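Put together the whole structure using the sequences plus the hints.
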Amino acid sequence: MSEIALVTQLKDKFGDGIVTVQLDAIDAWVEVTAPALLGVCEFLRDVEDYHFDMCNCITAIDYLHTDPKKAEKVDWAPHMELVYHLSSVATKLTLVIKVKIPRWKDEATQQLPEIPSVASVWTTAIWHEREVYDLSGVNFIGHPELKRILCPDDWEGHPLRKDYEMPLEYHGMRGR
Amino acid sequence: MELMAVSWAYWHQFFFIIFAGSAIGFGCGVLISQNIVRMAFYLVLSLGSTAGLFFLAGAEFVGAMQLMIYVGGTMVLLIFGVMLTAQKDFVNMKTHTHDWILATVVGGSLLMVLLFVAFGSEDWRSPQDPTDAHIVDTKAATPLGLALTGVRVDKLDDLNDPLNQGKSGYLMPFIIISVHLLVVLIGAAYMARTKKLSHATGLRSSRARLSVFKMEEEDEVLEEETYVVLRKDKQATNPLDTNDDNADNLDEA
Amino acid sequence: MSATNIDDPRIVEFDVRTDEMLINMGPQHPSTHGVLRLALRTDGEIVADLEPHIGYLHRCAEKIGENLTARQFVPYTDRMDYLAAMNMNLGWSLTIEKLLDHDVPEKGRHLRVLIGEMNRVASHLVAMGTYGLDLGAFSPFLYAFREREKILDLFEKACGARLTYSYIAPGGATADLPGGWTAECSEFINQFKKIIPEFHTLLTTNAIFIARTAGIGVLSPRMAIDYGCTGPVLRGSGVYHDLRFHGEERYTELYDGYEFDVICMDSETGKYPDSHQGVYKDGLSYPEVPSDAILGDCWHRFYVRMLEVVQSVRLIEQSIAKYDACSGSHGEPIKLTQKLPLGEAYLETEAPRGQMGFYVVSDGQSNPWRVRARSSCFSNLYVTAPLCRGVLLADVPAVVGSLDVVMGEIDR
Amino acid sequence: MAEFFNEYIFGNGPWSWLGYVVAALIACILVIHVVAVGAMGFIWLERKVAGRIQDRLGPTRVGGKFGWLQTLADGIKLIAKEDFTPDVADRFLFKIAPYVAFAASFSAFIALPFADGVVANHVNTAVFFVLAVLGLEVFGVILAGYGSGSKWSLFGAMREAAQVVSYEVPLGMCVVVPVFLCGTMNLTTIGNMQEGFITNWLVFNDPFTFVIAMVYFTCATASVNRAPFDLAEAESELVAGFHTEYSGLRWSLFFMAEYGSMFLVSGLAVILFFGGSNGPIPVGDWLANLLGGVKEGSIGANLPSLGAITVGVIGVANFILKGVIGVIVMIWIRWTFPRLRIDQVMSMCLKYCVPIAAFGFIGAVGWEVLDLPTPNNLDEKSRYEYHEKWSHEYLETQQQTKPAANDRHARQAVPTEAIITTVAVSQNAVEVNGGKQ
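Keeping their order, the protein sequence lines are chains A, S, P and W.
Under my numbering, the first sequence has 306 at position 107, and the numbering climbs by one with no breaks.
Under my numbering, the second sequence has 21 at position 7, and the numbering climbs by one with no breaks.
Under my numbering, the third sequence has 532 at position 10, and the numbering climbs by one with no breaks.
Under my numbering, the fourth sequence has 337 at position 335, and the numbering climbs by one with no breaks.
For the record, the hints were derived by calculation from the structure and aren't laboratory data.
Computed from a prediction, not measured in an experiment: that's the story for all the values here.
Any given hint could turn out to be false.
Part of the chain P face toward chain A, derived, beta carbon under 8 Å [as the list claims (entries may be wrong)]:
hint, residue
1, G792
2, G865
3, Y868
4, F900
5, S901
We treat Cβ as the ideally placed atom computed from N, Cα and C, and that holds for glycine.
Have a look at this one:
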């Protein structure tokens, strides 16, 4: 399986940067640590026989159970997961990169979690990351213009978080 | 079918008063008005009414000429220029009192000289009996055409006069002037070409860097360059932000 | 202007001081397709800079997806790209089937190809008509919509709706095609084949249309891939990539046994594949590429869509024959409250406007844990910024029109 | 007409000037109506022809099967619509702009002869007058663009100004060819000189004039802002160009001005190139003499004879028929072609229209100077015989009134006979060949 060759290449290049590899899932994915993300992405784009030159989609998944009963039944602690779907036009291959980051940089002051931005690797990531910032609240370091893209500029809160409540009113319009 | 009989005695007088009045009135309007674009519009109306005066005097060709050249040509460019510049703080031009005094002195003296000459010359006095002042339906354009090509219309009777041998036409000066005008136009166009390409690199508008002519032969290399420019832009803050304070750091972009 | 300082020698000679104008084209503007606002900085007629603002049609369908079961979410996928709702349903159904590992019977497969390609023809007709409107030609719009009405009538017979069908559901389709439907459909196809050359004479080979589109908004292949453009926009720049050939195994098996071409100009011969086999007027070849059209400009993107209509017509003919041949169930849709297995699935399909991807993460409940829709026009739209820099104001609608964006899909 | 009023209503006493005022008013109303009703007709025509081109019916419900009252309904709706002025606008200019455009477009009809004698006012240099007034229409658009205060309308106004001013150059060059072929700028004369068989039309005079006719029609479409050149109100780019902020009656004035000048320009084309009022329905001297010639002026001193009236009516019918065909061609072009970009319009004017017009002009002049064969019998016609042949005024010019003895200004004015004779005499001095002035 060519993916195994790729994963071994990744492992010996980035060592502990690669956390876990899941090749038998419906879509094979590789989990990477946040600091190593930028390096892995540039490597994946430039390596000849894979050449992942198109970043299809960047998604943020919020793992948090609001009501405590369900929280115990689940084995993972509340965290945020960023999923990068990559594909290659040249070699028609696809790959999924995952990164686990804490839900808040620090809970008290509602500071958003940080992750290096891949905008310098794929230009399309500029808008995808702006959408993730807007809807899920993840701060991308090194992003050229991190602003809200879908919600109005003065909107508070990030809708796609599990613990998000619709504001009571917005500019005089009743929210709830 | 002649729709409107022109035999009423005072008709000619009636229209003359209207046209002359509007010419002078809108002329003063140009002086008095504050708003630049209104000034330009009053000038158009005043020149239009002088065209009316020409028609009244039976000189249809010159009247149409005035309409086409002054009102249709020059005034369009003048309003064009005024429209482009009359933004924000250039619309209202206040004339201060000392300008008024200076203007009335200089203007007034010239006016006096003009009036003296106008009433002095014998041929220009209006006809004694107003009833026989009517539009003489001469074929106005033919004499002009003949004069242009060298037939002296006023000395038609003596044939052997050298001027009548077709060498006295106004064609030559006409052509010289038109060539002269052409040179002047080309010079003006050259001077006003878009200067911002050559050296004003620091300003925001220069980042467009593509004038209409250059865009025609846009080639692959240029496209690469825009691609590179984009990459470099990413460090500069978004150029479209309306607040001006970040305009300073644009200079390095 | 605070940016200039007087003592700088270069500024002194600077006399022709033109101020730039900041104009908003949109959100309510006749030529932006839907509610899109383009903030233009223009210098006279030349566009110095352009920034698209979106989000006016944002209804956070992804959050709603977390509170609905798989089948309940189907109507929401219709309203993403409302001009090609069938393809959206198809994408969502395939993703859910990939997660459930559920296979659709043979008849259902051919039904999906037939309906998907019919909707592609309808969507490209809208793209062609509105692009004519953007450039000022009013008549092509009416000819395109006259044909589209016939397709909508057929869809109405099949599933009762004309725009947002919710017809293809995970597991198959909500209902089988009524009797005689395929006969009517082939009759429509036969008369449609004779009309395709008409569209070409109306726009593609029209001298003013070529003058307005050839060489405008040139998108190089490298830039197209880097900006994540997909579908006709990518193939218009000469990149040989069509998910119906190069997609995921579960999606390409849908088109097993069908032969059709990927419409993309191979740069050596500079010609498009013209395997029309009688679809185009008897033996007549397509209008060839005009001299001043550069690969990747608006004209090519428009031309790719027009040729894709011909390929879809071929596909429809084959799928009608195959659909009539097989019998049995067309694939009953899954239970309304079907429990989704733990895990996640991501699948991209070739929608008329580009690659439409759906990503479902489930934690074993019937409601998915996270639903994500990757919109093709979202990335295609971002290309307008570099393409429109230095272009005349009248070309901005030409470039945006050639990208054929639908705001419902971008804002979700 | 004024004497009529004075005799029967106002009497020749102090109130006699009232008769003239009323006569003047009637004349103005007649001209405006001839053109306003025409413009309304053309709006209806445009919607029907556009419908046919787009494979649909066009208006059918209002006023009978063919929906011919549709424009009236639109007019009433527009009058009823609220006519507000945007607060940022320059109120005075905003209000006056439509009237300037309307006046400019309609005042050109004064000099446009519908048939031989049927013209509002005999302007000897009619062609030049019509072109000059046509150029004024751009003011209405510029003031509207600037007056509305919005950036979009400013764009529209600037594009319009640039386009119309630059298209006047080739338009002027194309108009000069028929003028020098007929030797006069008097539209009625040009129309009359093309009488007789269809080959007498100027457009068939020589291949260069044929090309000039086509270039004229293109530049005319551009100078009235129609079809592929309608940059000023480009819906898809500038929302609606200069008349974005207008609504109701003011907007309909712009609309009326556009259709009025559309008919004006195609009417000019008809007179200059396509035989004025000597169109498909045969008309000529033989018809007038058949019904009692004009020479002896049989009925009433100053009323034209029955012959003159029938010739006039048929002439008007011919002229309007061909004018409408010209308008239909413009509508047809509008609904098939997309719009050109502003720099393409400009380059089209400077790189194509002006050179072709110049080339055609030189060709036509060469054709005349070398006296190459032309299908029409223009050579034997002297332009003086063809002045306003059938009109009452024609009788007057036959006995050119001597200027009053004591009129000092008249001294320079040379009586017409003198000009004709001297021109003949001076010809051999100046060796202008062909003896054709």
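Okay, the hints, checked on the actual structure:
1. G792: Status violated, d = 21 Å.
2. G865: Result: holds, 6 Å to nearest chain A Cβ.
3. Y868: holds (5 Å)
4. F900: For F900 of chain P, the interface hint holds, since the closest Cβ of chain A sits about 7 Å away, which is under 8 Å.
5. S901: holds (5 Å)
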